[in-house]
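Participant: Listed below are the residues making up each chain.
Number of protein chains: 2
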Amino acid sequence: MNSPQPKAAKVMPISGFPEYLPSERIVEQRFLDVIRETFELHGFSSVETRSIEPIERLSSQGEDADKEIYAVSRLAGGSDEEARWGLHFDMTVPFARYVLENAGKLAFPFRRYQIQKAWRGERPQEGRYREFTQADIDVVDVGQLSPHFEAEMPLVIADVFSRFPVGEFVIQVNDRKIPNGFYQGIGITDVIGTLRIVDKLDKIGPDKVKALLVESGTTPEQADQCLALAAIRSTDLGFVEQVRALGVEHPLLDEGLESLANVIRTGMAHAPGRLVADLRIARGLDYYTGTVYETQFVGHESWGSFCSGGRYDALASDGRTTYPGVGISIGVTRILGLLVGRGLVTASRSTPAAVLVALTDDDSREQAVSVATALRRRGIACEVAPAAARFGKQIRYAERRGIPYVWFPGAGEAGDEVKDIRSGEQVPASADAWTPPAEDLAPVVTRTDAGS
Amino acid sequence: MNSPQPKAAKVMPISGFPEYLPSERIVEQRFLDVIRETFELHGFSSVETRSIEPIERLSSQGEDADKEIYAVSRLAGGSDEEARWGLHFDMTVPFARYVLENAGKLAFPFRRYQIQKAWRGERPQEGRYREFTQADIDVVDVGQLSPHFEAEMPLVIADVFSRFPVGEFVIQVNDRKIPNGFYQGIGITDVIGTLRIVDKLDKIGPDKVKALLVESGTTPEQADQCLALAAIRSTDLGFVEQVRALGVEHPLLDEGLESLANVIRTGMAHAPGRLVADLRIARGLDYYTGTVYETQFVGHESWGSFCSGGRYDALASDGRTTYPGVGISIGVTRILGLLVGRGLVTASRSTPAAVLVALTDDDSREQAVSVATALRRRGIACEVAPAAARFGKQIRYAERRGIPYVWFPGAGEAGDEVKDIRSGEQVPASADAWTPPAEDLAPVVTRTDAGS
Numbered sequence: 015m016n017s018p019q020p021k022a023a024k025v026m027p028i029s030g031f032p033e034y035l036p037s038e039r040i041v042e043q044r045f046l047d048v049i050r051e052t053f054e055l056h057g058f059s060s061v062e063t064r065s066i067e068p069i070e071r072l073s074s075q076g077e078d079a080d081k082e083i084y085a086v087s088r089l090a091g092g093s094d095e096e097a098r099w100g101l102h103f104d105m106t107v108p109f110a111r112y113v114l115e116n117a118g119k120l121a122f123p124f125r126r127y128q129i130q131k132a133w134r135g136e137r138p139q140e141g142r143y144r145e146f147t148q149a150d151i152d153v154v155d156v157g158q159l160s161p162h163f164e165a166e167m168p169l170v171i172a173d174v175f176s177r178f179p180v181g182e183f184v185i186q187v188n189d190r191k192i193p194n195g196f197y198q199g200i201g202i203t204d205v206i207g208t209l210r211i212v213d214k215l216d217k218i219g220p221d222k223v224k225a226l227l228v229e230s231g232t233t234p235e236q237a238d239q240c241l242a243l244a245a246i247r248s249t250d251l252g253f254v255e256q257v258r259a260l261g262v263e264h265p266l267l268d269e270g271l272e273s274l275a276n277v278i279r280t281g282m283a284h285a286p287g288r289l290v291a292d293l294r295i296a297r298g299l300d301y302y303t304g305t306v307y308e309t310q311f312v313g314h315e316s317w318g319s320f321c322s323g324g325r326y327d328a329l330a331s332d333g334r335t336t337y338p339g340v341g342i343s344i345g346v347t348r349i350l351g352l353l354v355g356r357g358l359v360t361a362s363r364s365t366p367a368a369v370l371v372a373l374t375d376d377d378s379r380e381q382a383v384s385v386a387t388a389l390r391r392r393g394i395a396c397e398v399a400p401a402a403a404r405f406g407k408q409i410r411y412a413e414r415r416g417i418p419y420v421w422f423p424g425a426g427e428a429g430d431e432v433k434d435i436r437s438g439e440q441v442p443a444s445a446d447a448w449t450p451p452a453e454d455l456a457p458v459v460t461r462t463d464a465g466s
Numbered sequence: 015m016n017s018p019q020p021k022a023a024k025v026m027p028i029s030g031f032p033e034y035l036p037s038e039r040i041v042e043q044r045f046l047d048v049i050r051e052t053f054e055l056h057g058f059s060s061v062e063t064r065s066i067e068p069i070e071r072l073s074s075q076g077e078d079a080d081k082e083i084y085a086v087s088r089l090a091g092g093s094d095e096e097a098r099w100g101l102h103f104d105m106t107v108p109f110a111r112y113v114l115e116n117a118g119k120l121a122f123p124f125r126r127y128q129i130q131k132a133w134r135g136e137r138p139q140e141g142r143y144r145e146f147t148q149a150d151i152d153v154v155d156v157g158q159l160s161p162h163f164e165a166e167m168p169l170v171i172a173d174v175f176s177r178f179p180v181g182e183f184v185i186q187v188n189d190r191k192i193p194n195g196f197y198q199g200i201g202i203t204d205v206i207g208t209l210r211i212v213d214k215l216d217k218i219g220p221d222k223v224k225a226l227l228v229e230s231g232t233t234p235e236q237a238d239q240c241l242a243l244a245a246i247r248s249t250d251l252g253f254v255e256q257v258r259a260l261g262v263e264h265p266l267l268d269e270g271l272e273s274l275a276n277v278i279r280t281g282m283a284h285a286p287g288r289l290v291a292d293l294r295i296a297r298g299l300d301y302y303t304g305t306v307y308e309t310q311f312v313g314h315e316s317w318g319s320f321c322s323g324g325r326y327d328a329l330a331s332d333g334r335t336t337y338p339g340v341g342i343s344i345g346v347t348r349i350l351g352l353l354v355g356r357g358l359v360t361a362s363r364s365t366p367a368a369v370l371v372a373l374t375d376d377d378s379r380e381q382a383v384s385v386a387t388a389l390r391r392r393g394i395a396c397e398v399a400p401a402a403a404r405f406g407k408q409i410r411y412a413e414r415r416g417i418p419y420v421w422f423p424g425a426g427e428a429g430d431e432v433k434d435i436r437s438g439e440q441v442p443a444s445a446d447a448w449t450p451p452a453e454d455l456a457p458v459v460t461r462t463d464a465g466s
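Those protein sequence lines, which keep their order, are chains A and B. Position in the first sequence (first residue = 1) + 14 = my numbering. Position in the second sequence (first residue = 1) + 14 = my numbering.
Everything labelled a hint here was simulated from the structure, so no lab data went into it. Treat the hints loosely; a few may be bogus.
Copies of the same chain look alike in the list, so a pair counts if it works inside one copy or between any two.
The calculated EDC-like cross-link candidates involving lysine to aspartate or glutamate, where the alpha carbons are at most 20 Å apart (straight line), are [as the list claims (entries may be wrong)]:
1. 131 <-> 47
2. 222 <-> 238
3. 131 <-> 33
4. 131 <-> 145
5. 119 <-> 38
6. 222 <-> 235
7. 119 <-> 33
Start from the sequences, fold in the hints, and give me the full structure.
Facilitator: Below, the structure is given as structure tokens:
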């Protein structure tokens with residue numbers, strides 16, 4: 015072959031593998047930057063793991079995992095080569111392996127964040143992707159994990175989401191010990207099974223949940239109690255009294271109420287208005303043992319949670335040592351799917367460049383590059399016009415990309431001039447001194463009217 | 015299953031899939047930040063493509079590509095499911111497809127950068143990886159591409175590399191039209207074959223290259239001429255005269271010399287001392303048609319090039335329209351493999367946190383979190399101590415992670431105090447006003463003595 019050009023017939027999107035245009039990518043970058051910056055302000059260290067794990071490790075993660083895994087094998091190995099590796103489908107499984115592998119070199123409690131792509135072979139639909147970016151934080155410790163970390167997680171997430179250029183959000187918090195203790199207190203033995211049915215409340219409603227509960231063996235009275243518990247919701251500590259009013263007693267329930275009260279109390283002090291105790295939240299995964307979190311955008315509840323997680327007693331274990339942890343994961347691609355997909359957030363331009371340096375004629379390129387070099391030295395992103403076309407054409411080049419300023423070397427009596435092409439105002443300027451207003455330095459990412 | 019914990023037996027590295035410890039990852043992040051920031055200062059827009067492409071497109075890229083491709087298929091599909099997709103092995107093939115797919119929505123000439131992981135199934139060795147990060151820039155246009163972009167690429171790369179905390183580097187430049195025209199001028203017909211043999215110079219030396227050339231059909235005199243051309247190297251325009259002195263005439267040679275002179279002249283003006291015309295550089299890939307680039311670290315020549323690329327007449331084509339381009343790719347993982355692998359560059363700490371807020375007792379956590387919130391609001395990364403242990407133990411917690419400051423709420427008569435744990439100096443401070451020296455705000459990434 016003689017060129018990297020693909021066959022035209024093959025040029026098409028692949029369902030579930032989203033790609034962005036440059037201005038949309040600037041929106042994604044802004045969200046990723048906010049997430050990283052906030053995670054780092056909270057003292058989390060970055061970890062990246064390889065994209066693949068042995069199939070056996072991925073397959074052991076839940077009954078439905080198999081059908082979602084993408085296997086990876088060398089093409090040249092042909093059908094003889096058994097797939098030993100798969101692409102990771104979350105950050106938790108690889109992080110657990112990373113902790114075990116590097117335990118001797120990490121400082122515990124270990125605070126890490128991890129922003130990476132993951133892959134799942136599920137059927138694509140709005141808000142569900144086969145390739146997607148997740149942004150996780152976890153705190154993991156050796157043997158014991160202090161409960162205050164469960165109260166810290168939603169503070170970090172509240173900090174991240176309040177820096178996003180979007181509307182209101184709410185972090186819903188529950189503690190698995192509350193339904194666990196409550197169910198045991200009213201005589202239900204299949205706690206996990208009951209939790210899984212109650213978890214369907216949002217999807218199928220209370221009547222069908224009650225029917226399923228009774229079908230699974232609870233009495234109608236027990237089912238009503240389960241539904242009454244799941245209906246409790248408060249932005250303050252009111253949930254404690256509401257649960258008490260149901261008259262159920264169990265030590266695990268007491269423990270759960272105290273734990274959740276601590277999380278909500280911390281939220282009221284440091285992220286007021288962001289947290290709600292919502293006793294309906296359960297999270298499907300078996301391994302959560304304490305606080306669980308979900309996060310919704312107000313007005314977009316039908317999309318479900320954009321950021322979820324919880325506390326687990328055993329993130330990892332090597333047989334001798336157990337590593338408990340608490341973590342939460344932001345579904346970056348899901349958020350972008352909503353906000354970019356529906357045009358709720360846009361970028362002011364499609365390039366980082368704030369300035370286009372115009373070319374007076376072909377011989378003046380060296381002068382133009384010197385201007386660009388001086389601007390870049392002071393952190394001003396710019397590019398030199400591709401050709402010494404008419405100035406009107408060069409201005410349109412900038413317009414098309416949303417570049418706000420065009421620089422004309424030697425245009426004025428005193429030297430260079432710079433034009434704000436939105437207002438048309440053109441003023442004398444020196445490349446060693448001129449600075450655009452802060453809001454023009456980088457692309458601005460904002461909510462559109464549709465999103466306000 | 016009840017936990018995400020992997021089986022202990024499976025906890026091991028996979029050869030060719032590098033992972034870093036937190037302090038090493040900070041080094042990698044610094045390099046990636048410098049690359050992104052510099053690309054954006056030069057007005058390149060970010061693009062990310064999906065990780066997979068149809069196998070047919072990947073397979074058409076060169077004779078040896080097949081054996082390097084990782085095929086991807088749904089595990090649940092079993093052996094019946096034919097692999098239709100593969101992981102991309104570079105950024106060029108997916109970018110070419112992206113340009114064709116979005117041509118109507120992009121503004122040409124289109125300047126894009128792309129920093130992503132890629133995968134190759136090759137045998138791992140020092141400096142070669144199966145999973146690796148590349149950072150590419152390309153300028154692509156419709157129909158024609160102005161030659162000045164070939165001179166611009168190495169300026170961007172010189173800007174990136176001179177911001178790295180490493181030693182000297184040199185960007186070697188050639189123009190494929192020079193050997194092409196020269197070979198034709200001395201009567202060699204198999205230009206590509208000759209180029210491929212001469213490309214082995216670094217590996218096997220001039221004697222073996224001459225033998226191979228003669229074996230391939232050249233006369234000993236032709237072979238000597240080829241070697242004489244490949245030996246030419248100059249940091250200024252001297253190479254033109256040296257080539258002329260060999261007495262060979264061909265229109266393509268003239269074109270190539272003029273083109274390379276233009277690139278070197280631009281480099282002398284805007285990146286003095288960084289570029290060298292090196293007529294040995296050829297680049298293996300067939301599709302380069304003009305300028306080609308390689309980049310070496312001085313003192314680490316045996317590692318070969320860390321950043322390579324060139325000009326191609328047809329990055330992509332849909333049969334009607336052809337998109338010529340010029341691009342260059344930084345092998346980020348290769349650079350880190352050298353610098354981190356050999357301990358030549360290190361980070362001053364393993365966490366972004368500049369401050370550890372100490373806990374006086376368990377009841378003072380709320381006060382400590384308030385201090386942390388105030389510091390973060392002013393961009394100071396910090397964390398609160400995990401437990402109200404003895405202060406000595408809390409200081410050791412900071413020490414172990416390289417956190418330079420420990421904050422003691424209410425420790426002094428006037429209020430809070432902060433201690434620089436390196437010097438031991440402790441001073442009164444307010445969380446609303448205190449700022450660490452700029453060099454302590456973020457981890458410092460520096461060359462070690464071994465690397466100086």
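Participant: Mind listing which of the numbered hints don't hold for this structure, in increasing order?
Facilitator: none
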